[in-house]
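K.L.:
Residues per chain, in single letters:
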Amino acid sequence: MYEGLLIGSAVIAFALGFMLYIIFWSRKAIDYIHKNDLKSAREINKSLHERR
Amino acid sequence: MKDDSASISAELSRELSLFHITMMGLGMMIGAGVFLGIGNVIHVAGPGGVLLTFTLNGIIALFTALSYAELSSAVPKAGGAYNYARLAFGRGPSFTAGWMEWFASSVAGSLYAVTFGIYVVRYFEGLGLTGWIPLSTYTTEKTVAFIIAVFFLYINYRGASETGKVGAFFTLGQTLFLIFIGLVGIIVVVKDPSRIQNLTPYLPYGWTKLLVAMGFTYVAFEGYEVIAQAGDETIDPKRNLPKAMLYSVGIVTFTYVAVAFASLVAVKAGTPGVEGLPWEWIGHFKERGFGEAVSRLMPYGNFFLTLAVIFASVSALNATIYSATRASYALGRDRMLPKFFAKISSKRKTPSVALMFTGIIIIGVAILLPTMDVASSASIMFLLLFFLVNISVIRVRLNMGDELNYGFIMPFFPWLPIIAIVCQGFLAVWLVHMSKIAWIVAPTWIISGIAIYIFYSKSHAISTADEIQVLEEEHAPPSDQYRIVVGVANPENAIPMIRTTYYLSEAKDARVKLLHLVPVPEQVPLSDAEKFMLEGKEGVTEVMLSLMLKFPITTTIRYCRNIARGILSAVREEKTDMLIMGWHGRPKPRSHAFGLGSTVDVILERSPSNVVILKNCSNQPIKKILVPWGGGPNGALALEVASIIAEKDDSEIVAFTVNDPRHHVNIPPVSDLDSNQAQVSFGRIRFKVAQSRDVVSTILEEAEEHDLVVLGSTRDPLIRQITRDSVANAVATRCQKPMIIVKASGGLRSWIKRWL
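First to last, the protein sequences are chains X and Y. When the letters of the first sequence are read in order and numbered with this note's numbering, they come out as residues 1 to 52. When the letters of the second sequence are read in order and numbered with this note's numbering, they come out as residues 53 to 808.
The following block holds chain X by itself, in its conformation from the complex (with noise of 0.2 angstroms):
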């Protein structure tokens, strides 16, 4: 009777956690590409690997 209940709870859990580290990131990303000043998204991407 539970079972669709805890598999429903997973995957909202699952999207809103993974929403959550979408926003996040984009965040981080938004405030180091404007920092550095980088402009095509060609070096955006280059800048944005090698910081990892």
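Just so you know, these hints were derived from the structure itself, not from any lab. Beta carbons: idealized from backbone N, C-alpha and C, even for Gly. Mixed in with the good hints there might be a few duds.
[As the list claims (entries may be wrong)] Chain X is nowhere near these chain Y residues, computed Cβ spacing over 10 angstroms in every case: (1) Phe141; (2) Gly183; (3) Thr191; (4) Val326; (5) Glu327; (6) Phe337; (7) Pro422; (8) Leu599; (9) Ser703.
[As the list claims (entries may be wrong)] Not everything, but these chain X residues come out facing chain Y in the computed CB check (under 7 angstroms): (10) Gly8; (11) Ile12; (12) Ala15; (13) Met19; (14) Ile23; (15) Ser26; (16) Ile30; (17) His34; (18) Lys39; (19) Ser40; (20) Arg42.
For chain X, the structure is supplied; the task is to place chain Y on it using the hints.
P.N.:
Here is chain Y on its own, set in the frame of chain X:
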């Protein structure tokens, strides 16, 4: 005499902060979807369905928000999807985007007016104050919707549009109220854990009903369009627009899930008046279900909810009227629609005609269609609009990623927009199960838009500075011949290309088109582009004089803002089989993101045709050709090009392989090449193998003994090219001998590139 007025430009003052535009987005989203949606979704998909609907829709909306965030950070101007589609695909899709945006926002406005009507009538019914009205509840709701729509149309005509700053505080209030409802729901469950049973059975009607529910509530996630529209008025837009879009989607998703949860646990099974399971009881009220649930959740819940709905729906209605009017005004301004759409009222200084037509749509849809068909129509149109934006973000990144100044780029590109495209397409199609009327209304609107574009807009639209324009062009008669495009920059660049072009054209029995691009800086208006043409014209003439006696040659001269994009668009339009161009051989500094330069790199990566790039080449006969051999389609094309030259100059080809003892790489033998596919002169090829730890230096040393190096470009994925130099790039930049760099087109990859 210089016209001083030409130098005066007007712009809006930038006063909207991150907080204001986030609240604008929230205000547009928390309008109706959640108030009308919760009861209906519970009815259609059950208790788990409502939680999953808002969660999964939030994820799809987040992916689309990432696309909007990336595009708005690169093009932080008002216009939204209309601007992005124009940048990505040109006028036709751009008109369709603007046309859809107009309708989607208008229908969303209808939905907010209807929501207002439903909740106001419900509240007064609850107080027993509607008995004297000689109309049915449905007709009364529609009448109230009509009155509020007319009222806000008039407000917009008066020009007293709600500003972002004032609206932000109303939105904050209603969002906090919804969060409060969510918290009360959690407290209720903590006090009475048995209420968690209200969530079972979790998905009583299965997953298919969940998809239907997701489709018609998607309208509750469309706020980032209005944030994009505020680009001209936002402080630090490259930073704040993307943040606001992502924050607003995050906040509404968590709020919706919390509120849906609170609604489900608000009702205790078995209490007086509640028949059947609690979720069935809430669901049978459909769009009124949320109100009924909240009224049992807390004291004065009914009153506070009605207040929240009134604030939410009027602020969203006002925002959508503003947004829809602006979309149709922009179409009129660019002459995609008749000029009168851009007419500004001399008395009120508002776009009165665009507002009038927007009002007709809002009122017509609100009155004529049942509520769920209104919601479904708005959802379908937004799904299709966002579908277009997600395609646009991929195309813009691939075609213009090196020339735009981005303030943000999304992670996992291009997978997130692709997932969003698939999901949105699926949800839009699935909505046919919810509303057949919506699937008649939406395609009818789009098809009528396409007809208007073909018969009116195409011939009346005003050109914009972003478009690549053909200045002069000679058209060749259509044929199935092999097509070669030769990029010519100036006489110095053109003359060394004559000999190779002649050899390749003859071997392929090709039709040759000479292409000259006129790069015009952003600051120079289109009308002055012809001043930049003279030098290129001389180059084109030089090559023509040398080749025209032997081949049918046509020429084209184009204006563009960026050379690489100009060449790629010409290659795609001409369905070119081979592109030949020269390279000065000066790479960018090591710290730069480009390996061979911003034009050559981009063309090698993205051209759907075979590419032949000539460096330091002359018209002298060649005796010894070196082909560094590593297998693969680019290596095969290098051998083919070398063979064509060798046959003409009677030269020898050395296929040179360097084995690095540290890394065992299985290099296929040249004899594996299919002689039907590649015109390789096997009899002229001599094989040479060397062992070395320094592959690049060994190739460069070997090159010194040859007259020409023909090098296959790297096929490394872009990310590896960025992180470390490939052998091919290193040889190409350091080799001082005459060199030809080639890259082969290939199958599906090439087809996708041609389309993108």
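K.L.:
For each hint, tell me whether it holds in the structure or not.
P.N.:
These are the hints, each one checked on the structure:
1. Residue placement check: Y/Phe141 keeps its beta carbon more than 10 angstroms from all beta carbons of chain X (closest about 18 angstroms).
2. Look at Y/Gly183: its CB is around 43 angstroms from the nearest CB on chain X, clear of 10 angstroms, so calling it non-interface holds up.
3. Distance to chain X confirms Y/Thr191 as a non-interface residue, since its nearest Cβ pair spans about 39 angstroms, more than 10 angstroms.
4. With a least beta-carbon separation of about 20 angstroms from chain X, Y/Val326 lies farther than 10 angstroms from that chain, consistent with its non-interface assignment.
5. Every beta carbon of chain X lies more than 10 angstroms from that of Y/Glu327, the smallest distance being close to 21 angstroms; the non-interface claim holds.
6. Against the 10 angstroms criterion, Y/Phe337 stays outside the reach of chain X, whose nearest CB is about 23 angstroms from its own CB.
7. Interface exclusion of Y/Pro422 from chain X stands, the closest Cβ pair being 30 angstroms apart, more than 10 angstroms.
8. A cut-off of 10 angstroms between C-beta atoms confirms that Y/Leu599 is not in contact with chain X; the least separation is 35 angstroms.
9. No beta-carbon of chain X comes within 10 angstroms of the beta-carbon of Y/Ser703; the shortest separation is about 38 angstroms.
10. Interface hint status for X/Gly8: upheld, as the beta-carbon distance to the closest one in chain Y is roughly 4 angstroms, under 7 angstroms.
11. Because the beta carbon of X/Ile12 sits about 5 angstroms from the nearest beta carbon in chain Y, less than 7 angstroms, this interface hint is met.
12. About 5 angstroms separates the beta-carbon of X/Ala15 from the nearest beta-carbon of chain Y, less than 7 angstroms, and the hint is met.
13. A least Cβ separation of about 6 angstroms between X/Met19 and chain Y falls short of the 7 angstroms threshold, and the interface hint therefore holds.
14. Evaluation of the X/Ile23 hint against chain Y yields a held restraint, the C-beta minimum of about 5 angstroms falling below 7 angstroms.
15. Proximity of X/Ser26 to chain Y holds as hinted, the smallest CB-CB distance being about 5 angstroms (cut-off 7 angstroms).
16. The beta carbon of X/Ile30 is positioned within 7 angstroms of a beta carbon in chain Y (closest approach about 5 angstroms), and the interface hint is therefore held.
17. Given the 7 angstroms rule on beta carbons, the hint for X/His34 holds: about 5 angstroms separates it from the nearest Cβ of chain Y.
18. Here the hint on X/Lys39 is kept, as its CB sits about 5 angstroms from the closest CB of chain Y, short of 7 angstroms.
19. Of the supplied interface hints, the one on X/Ser40 holds, with its beta-carbon coming within about 5 angstroms of a beta-carbon of chain Y, less than 7 angstroms.
20. Evaluation of the X/Arg42 hint against chain Y yields a held restraint, the C-beta minimum of about 4 angstroms falling below 7 angstroms.
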